[in-house]
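Given the coordinates of chain A, work out where chain B should sit on it, guided by the hints.
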Amino acid sequence: MSDCQETCLKLGHPVPDFEIDTYDPVVKNFGKISLEGQKSAGKWTILFFYPADFTFV
Amino acid sequence: MGAEVITVSTDTQFVHLAWQRHEKELADVKYPMGSDPTGNLSRMFGVYDDTSGLALRGTFIINPEGILMNSEVNFYNMGRNIDELMRKYKANLYLAKKTDEGCPSKWQDEGDKTLKPSPDMVGRVHEALNE
Numbered sequence: 001m002s003d004c005q006e007t008c009l010k011l012g013h014p015v016p017d018f019e020i021d022t023y024d025p026v027v028k029n030f031g032k033i034s035l036e037g038q039k040s041a042g043k044w045t046i047l048f049f050y051p052a053d054f055t056f057v
Numbered sequence: 001m002g003a004e005v006i007t008v009s010t011d012t013q014f015v016h017l018a019w020q021r022h023e024k025e026l027a028d029v030k031y032p033m034g035s036d037p038t039g040n041l042s043r044m045f046g047v048y049d050d051t052s053g054l055a056l057r058g059t060f061i062i063n064p065e066g067i068l069m070n071s072e073v074n075f076y077n078m079g080r081n082i083d084e085l086m087r088k089y090k091a092n093l094y095l096a097k098k099t100d101e102g103c104p105s106k107w108q109d110e111g112d113k114t115l116k117p118s119p120d121m122v123g124r125v126h127e128a129l130n131e
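Residue numbers (the numbering used here), protein chains in the order written: chain A, 1 to 57; chain B, 1 to 131.
Next up, chain A with everything else stripped away, as it sits in the complex (with noise of 0.2 angstroms):
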């Protein structure tokens, strides 16, 4: 597991900004999506991390 004693992140503290590759299936093409787009939105963000694409969710 990844030693994150001093890089874990907080309950209650700031997410520092991200941005991500995605495929989105509603308009069937590829994306980017950031932490920064995000709050620019007003938007609340849920990540939902999984272990591997073709298995169980």
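None of these hints come from the bench; they were simulated from the model.
Built from N, CA and C at the ideal position, the CB exists for glycine as well.
It is possible that part of the hints are untrue.
[To be verified] Calculated pairs, BS3-like style, for lysine-lysine (alpha carbon to alpha carbon, straight line, at most 27 angstroms):
no.: 1; chain 1: B; residue 1: Lys97; chain 2: A; residue 2: Lys39
no.: 2; chain 1: B; residue 1: Lys106; chain 2: A; residue 2: Lys10
no.: 3; chain 1: A; residue 1: Lys32; chain 2: B; residue 2: Lys30
no.: 4; chain 1: B; residue 1: Lys97; chain 2: A; residue 2: Lys43
no.: 5; chain 1: B; residue 1: Lys106; chain 2: B; residue 2: Lys116
no.: 6; chain 1: A; residue 1: Lys39; chain 2: B; residue 2: Lys98
no.: 7; chain 1: A; residue 1: Lys43; chain 2: B; residue 2: Lys30
no.: 8; chain 1: A; residue 1: Lys43; chain 2: B; residue 2: Lys88
no.: 9; chain 1: B; residue 1: Lys116; chain 2: A; residue 2: Lys10
no.: 10; chain 1: B; residue 1: Lys97; chain 2: A; residue 2: Lys10
no.: 11; chain 1: B; residue 1: Lys98; chain 2: A; residue 2: Lys10
no.: 12; chain 1: A; residue 1: Lys10; chain 2: B; residue 2: Lys88
no.: 13; chain 1: B; residue 1: Lys90; chain 2: A; residue 2: Lys10
no.: 14; chain 1: B; residue 1: Lys30; chain 2: A; residue 2: Lys28
no.: 15; chain 1: B; residue 1: Lys88; chain 2: B; residue 2: Lys116
[Said to hold, decoys possible] Label-pair distances were calculated between CB atoms; the ranges are:
no.: 16; chain 1: B; residue 1: Asp112; chain 2: A; residue 2: Phe54; range: 36 to 42 angstroms
no.: 17; chain 1: B; residue 1: Glu23; chain 2: A; residue 2: Asp17; range: 28 to 34 angstroms
no.: 18; chain 1: A; residue 1: Ser34; chain 2: B; residue 2: Asn74; range: 22 to 28 angstroms
no.: 19; chain 1: B; residue 1: Leu115; chain 2: A; residue 2: Phe56; range: 34 to 40 angstroms
no.: 20; chain 1: A; residue 1: Glu19; chain 2: B; residue 2: Val73; range: 19 to 25 angstroms
no.: 21; chain 1: A; residue 1: Ser40; chain 2: B; residue 2: Lys97; range: 20 to 26 angstroms
no.: 22; chain 1: B; residue 1: Gly123; chain 2: A; residue 2: Lys10; range: 26 to 32 angstroms
no.: 23; chain 1: B; residue 1: Gly123; chain 2: A; residue 2: Lys28; range: 54 to 60 angstroms
no.: 24; chain 1: A; residue 1: Ser40; chain 2: B; residue 2: Phe75; range: 31 to 37 angstroms
no.: 25; chain 1: B; residue 1: Lys97; chain 2: A; residue 2: Asp17; range: 22 to 28 angstroms
no.: 26; chain 1: A; residue 1: Glu19; chain 2: B; residue 2: Asn130; range: 46 to 52 angstroms
Quick look at chain B alone, frame taken from chain A:
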């Protein structure tokens, strides 16, 4: 619900496309599927498993100001309860408006009993919940 749900694994966006196109269970998926092939985002949230290169089942709720409000991490072999995730998201929305209240464990939706921590409630949580 007003929140952007982003699913994330260490697969690339190309694999996401292939999986979503192939798996009939995913025909109605409306969420952008994020890719984290470097594991950097997974590492940031403490869910990256170095031994497998995979992300554990972590769920994180971030408010519009970019503050982390909720976290839950399940191991590989434990599925998540989406009703509970929605309950926590709704509670966070509610508590963002009602900052002096608390949502107890049985809180399900707006209108349900909340608690207002105060000196009067110390030692009388049972009464406060049942009044």
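Going down the list of hints, with the structure as the test:
| no. | hint | result |
| --- | --- | --- |
| 1 | Lys97(B) <-> Lys39(A) | holds (18 angstroms) |
| 2 | Lys106(B) <-> Lys10(A) | holds (25 angstroms) |
| 3 | Lys32(A) <-> Lys30(B) | holds (15 angstroms) |
| 4 | Lys97(B) <-> Lys43(A) | holds (15 angstroms) |
| 5 | Lys106(B) <-> Lys116(B) | holds (15 angstroms) |
| 6 | Lys39(A) <-> Lys98(B) | holds (21 angstroms) |
| 7 | Lys43(A) <-> Lys30(B) | holds (16 angstroms) |
| 8 | Lys43(A) <-> Lys88(B) | holds (16 angstroms) |
| 9 | Lys116(B) <-> Lys10(A) | holds (24 angstroms) |
| 10 | Lys97(B) <-> Lys10(A) | holds (22 angstroms) |
| 11 | Lys98(B) <-> Lys10(A) | holds (22 angstroms) |
| 12 | Lys10(A) <-> Lys88(B) | holds (17 angstroms) |
| 13 | Lys90(B) <-> Lys10(A) | holds (20 angstroms) |
| 14 | Lys30(B) <-> Lys28(A) | holds (10 angstroms) |
| 15 | Lys88(B) <-> Lys116(B) | holds (18 angstroms) |
| 16 | Asp112(B) <-> Phe54(A): 36 to 42 angstroms | holds (39 angstroms) |
| 17 | Glu23(B) <-> Asp17(A): 28 to 34 angstroms | holds (32 angstroms) |
| 18 | Ser34(A) <-> Asn74(B): 22 to 28 angstroms | holds (26 angstroms) |
| 19 | Leu115(B) <-> Phe56(A): 34 to 40 angstroms | holds (37 angstroms) |
| 20 | Glu19(A) <-> Val73(B): 19 to 25 angstroms | holds (23 angstroms) |
| 21 | Ser40(A) <-> Lys97(B): 20 to 26 angstroms | holds (21 angstroms) |
| 22 | Gly123(B) <-> Lys10(A): 26 to 32 angstroms | holds (30 angstroms) |
| 23 | Gly123(B) <-> Lys28(A): 54 to 60 angstroms | holds (58 angstroms) |
| 24 | Ser40(A) <-> Phe75(B): 31 to 37 angstroms | holds (35 angstroms) |
| 25 | Lys97(B) <-> Asp17(A): 22 to 28 angstroms | holds (26 angstroms) |
| 26 | Glu19(A) <-> Asn130(B): 46 to 52 angstroms | holds (48 angstroms) |
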